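Enquirer: Top to bottom, those sequences are chains A and B.
Numbering follows our numbering, with no gaps: position 22 of the first sequence is 22.
If you want our numbering, it's the 1-based position in the second sequence plus 301.
Hints were generated in silico from the structure; no laboratory data involved.
Take the hints with a grain of salt, since some may be wrong.
In silico lysine-lysine, DSS-like type, Cα no more than 30 Å apart, as pairs [unchecked claim]:
| id | chain 1 | residue 1 | chain 2 | residue 2 |
| --- | --- | --- | --- | --- |
| 1 | B | Lys427 | B | Lys465 |
| 2 | A | Lys21 | B | Lys465 |
| 3 | B | Lys465 | A | Lys32 |
| 4 | B | Lys465 | A | Lys164 |
Label-pair restraints from in silico Cβ distances [said to hold, decoys possible]:
| id | chain 1 | residue 1 | chain 2 | residue 2 | range |
| --- | --- | --- | --- | --- | --- |
| 5 | A | Arg218 | B | Gly566 | 46 to 56 Å |
| 6 | B | Asp488 | A | Arg238 | 52 to 62 Å |
| 7 | B | Glu308 | A | Pro118 | 36 to 46 Å |
| 8 | A | Gly223 | B | Ala339 | 39 to 49 Å |
| 9 | B | Asp312 | A | Lys164 | 21 to 31 Å |
| 10 | B | Gly537 | A | Arg116 | 40 to 50 Å |
| 11 | B | Asp488 | A | Pro118 | 38 to 48 Å |
| 12 | A | Ala39 | B | Asp312 | 27 to 37 Å |
Please read these numbers as outputs of a predicted model, since none were measured by experiment.
Glycine included, each C-beta is placed from N, C-alpha and C at the ideal position.
Number of protein chains: 2
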Amino acid sequence: MARWFDEVVPDDMFGERTAEKAERRFMGDAVKIVLKQAAVQPQQVDYFIAGDLLNQIVTASFVAEDLGIPFIGVYGACSTSVQGLALASALVDAGLANLALAATSSHYQTAERQFRYPIELNIQRKSTSQYTATGAGAVLVGQSGGKVKITEATLGRVIDMGVKDPNQMGPAMAPAAADTIFNHLADTGRDPGFYDVIITGDLGSVGSEILLELMQRRGVPLGGNYADGGVLLFGGVRGTGVGGSGCACSALITEGFVWKRMCNGEIGRALIVATGALLSPLTWQQGESVPCIANAVALQL
Amino acid sequence: MARWFDEVVPDDMFGERTAEKAERRFMGDAVKIVLKQAAVQPQQVDYFIAGDLLNQIVTASFVAEDLGIPFIGVYGACSTSVQGLALASALVDAGLANLALAATSSHYQTAERQFRYPIELNIQRKSTSQYTATGAGAVLVGQSGGKVKITEATLGRVIDMGVKDPNQMGPAMAPAAADTIFNHLADTGRDPGFYDVIITGDLGSVGSEILLELMQRRGVPLGGNYADGGVLLFGGVRGTGVGGSGCACSALITEGFVWKRMCNGEIGRALIVATGALLSPLTWQQGESVPCIANAVALQL
Chain A
1 MARWFDEVVP DDMFGERTAE KAERRFMGDA VKIVLKQAAV QPQQVDYFIA GDLLNQIVTA
61 SFVAEDLGIP FIGVYGACST SVQGLALASA LVDAGLANLA LAATSSHYQT AERQFRYPIE
121 LNIQRKSTSQ YTATGAGAVL VGQSGGKVKI TEATLGRVID MGVKDPNQMG PAMAPAAADT
181 IFNHLADTGR DPGFYDVIIT GDLGSVGSEI LLELMQRRGV PLGGNYADGG VLLFGGVRGT
241 GVGGSGCACS ALITEGFVWK RMCNGEIGRA LIVATGALLS PLTWQQGESV PCIANAVALQ
301 L
Chain B
302 MARWFDEVVP DDMFGERTAE KAERRFMGDA VKIVLKQAAV QPQQVDYFIA GDLLNQIVTA
362 SFVAEDLGIP FIGVYGACST SVQGLALASA LVDAGLANLA LAATSSHYQT AERQFRYPIE
422 LNIQRKSTSQ YTATGAGAVL VGQSGGKVKI TEATLGRVID MGVKDPNQMG PAMAPAAADT
482 IFNHLADTGR DPGFYDVIIT GDLGSVGSEI LLELMQRRGV PLGGNYADGG VLLFGGVRGT
542 GVGGSGCACS ALITEGFVWK RMCNGEIGRA LIVATGALLS PLTWQQGESV PCIANAVALQ
602 L
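Can you build the whole structure from these sequences, using the hints too?
Expert: This is the structure:
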């Protein structure tokens with residue numbers, strides 16, 4: 001996927017002393033790139049809508065401080081990228097903003113040590129584990145001037161099927177993805193074939209197989225236009241488990257791979273369904289199951 | 302303040318096994334009360350916009366699961382209540398929702414053990430410490446049918462004056478409050494006297510004195526209509542330090558004290574300025590200063 005990204009950084013620490021500061025650099029750089037490409041100054045932007053996986057979404061808050069743009073902090077775990085896009089387009093569509101900027105990030109090291117173990121412990125990964133994407137994505141949304149339109153958004157309900165194993169995030173999130181896709185298609189009166197691509201993520205290979213089965217059972221089978229962003233991101237690279245995850249996963253696939261192919265005219269209509277597992281280490285330790293969500297946006301040329 | 306609340310619970314554990322589950326009960330009950338008062342069923346509500354102080358806003362996520370309403374998770378630390386209100390009113394105003402429900406909560410025990418120390422350790426509190434409010438507030442926003450109108454919202458920029466002491470949250474947040482109040486008045490062409498009450502919070506007694514000085518220096522002195530929600534909440538009760546804090550603090554004052562007095566006709570115009578300190582224990586341990594934000598809504602009869 002690397003060729004679809006605006007910047008590829010050889011050092012995932014970005015020369016910083018802590019991984020948290022490095023993650024901040026990823027988000028900050030993504031924002032700088034999008035503002036530069038649009039030739040827009042931060043002070044022209046009405047809202048900065050951002051979130052990340054870190055406790056108290058500190059990546060987003062610190063980037064917001066640097067930008068000086070009124071800040072709306074959001075959290076939807078790995079569904080945050082689409083949640084932010086949906087809110088940005090709502091505010092612009094309503095005339096409450098001329099320009100809204102949505103951003104998200106994740107970092108393998110910050111996520112591992114917060115949600116699981118510090119990577120220095122070298123804990124063996126489970127066969128169903130996903131690998132947190134290190135990166136960031138940012139989108140500037142305005143009334144005009146862009147190549148791609150956000151035509152609809154379907155924000156999801158929280159669905160919890162009782163999965164309690166934090167190494168089974170894909171299977172836990174698949175029912176939420178099915179619910180949101182089903183509702184989106186019902187609300188818009190479309191069938192899955194309306195879209196050139198339907199991309200979930202980050203369900204991983206196991207979760208996306210479950211989604212296919214769930215949609216089949218609901219009588220709305222997904223076809224060859226379906227792919228999962230978690231699976232696409234690492235393309236099966238050894239050590240990445242069942243696929244990528246993290247807030248950056250859907251952002252990188254959507255704002256790199258999909259958006260650039262839409263700009264090229266290769267894709268005309270895309271349904272992006274970002275999925276999130278809304279657990280915390282504390283709820284898991286307290287024996288709670290994993291509430292999940294999926295947020296969708298339709299992108300059209 | 303207790304007389305302004307719809308429900309006062311003698312047991313802050315709500316009969317639950319963990320304080321986290323108790324906090325969830327507070328938010329869940331606040332939502333139930335508001336839905337009952339409005340005679341609205343959850344399935345009639347288009348969006349549930351909620352957040353709290355817990356890592357990954359798990360209180361809000363679990364309550365969202367119970368409700369089954371499409372969920373927008375937000376985080377603005379103790380400014381979350383107004384952030385949610387502002388987004389709810391934006392979505393309703395734009396015609397993107399008929400009814401939007403905003404909620405927030407905090408709990409002394411869950412906040413202490415996550416941000417500071419488990420209360421069992423009985424750590425001595427600093428003289429400038431604030432005391433996290435245990436409670437929750439919820440607001441149902443619709444095009445019509447209510448007694449109080451949300452007429453404007455001013456979402457804040459992140460301001461960081463370099464305060465690194467997590468026991469000095471009021472002084473850290475005061476400049477953010479000043480910035481948002483100043484911008485709100487400039488944007489609307491109003492002076493502070495336009496409002497019957499201007500309530501910040503949770504700045505506490507020290508922070509609110511700094512705010513008064515900052516506004517004086519900016520040439521927009523606040524008068525006798527100004528009060529801080531953190532100071533109001535506990536009314537100087539022994540052991541509560543310089544005042545209340547937590548997501549519930551502004552919610553309880555706004556949705557109890559202010560809203561009910563507006564319904565009584567005692568207050569006609571209120572400016573609510575909820576402040577938030579966007580730090581995490583990790584950023585503080587890494588030696589970072591505290592980014593702060595303040596979000597404002599104007600309420601009018």
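Enquirer: Each hint needs a verdict: does it hold in this structure or not?
Expert: Hint by hint, here is what the structure shows:
The straight-line distance between the Cα atoms of Lys427 (chain B) and Lys465 (chain B) is roughly 15 Å, inside the 30 Å bound, and the hint therefore holds. As the CA atoms of Lys21 (chain A) and Lys465 (chain B) are separated by approximately 17 Å, the hinted pair is consistent with the 30 Å bound. For the given pair, Lys465 (chain B) sits about 27 Å from Lys32 (chain A) by alpha-carbon distance, which is consistent with the 30 Å threshold. A threshold of 30 Å between alpha carbons decides the hint, and for Lys465 (chain B) with Lys164 (chain A) the separation of about 38 Å lies outside it, so the pair is violated.
Arg218 (chain A) and Gly566 (chain B) have their C-beta atoms about 52 Å apart, which keeps the hinted 46 to 56 Å range intact. At roughly 55 Å, the beta carbons of Asp488 (chain B) and Arg238 (chain A) sit within the given window of 52 to 62 Å. At roughly 43 Å, the beta carbons of Glu308 (chain B) and Pro118 (chain A) sit within the given window of 36 to 46 Å. Distance hint check: the CB atoms of Gly223 (chain A) and Ala339 (chain B) are about 43 Å apart, consistent with the given range 39 to 49 Å.
At roughly 28 Å, the beta carbons of Asp312 (chain B) and Lys164 (chain A) sit within the given window of 21 to 31 Å. A hinted range of 40 to 50 Å holds for the C-beta pair Gly537 (chain B) and Arg116 (chain A), which are about 45 Å apart. A beta carbon spacing of about 46 Å between Asp488 (chain B) and Pro118 (chain A) agrees with the range 38 to 48 Å that was offered as a hint. For the pair Ala39 (chain A) and Asp312 (chain B), the beta carbons lie near 59 Å from each other, so the given range of 27 to 37 Å is not met.
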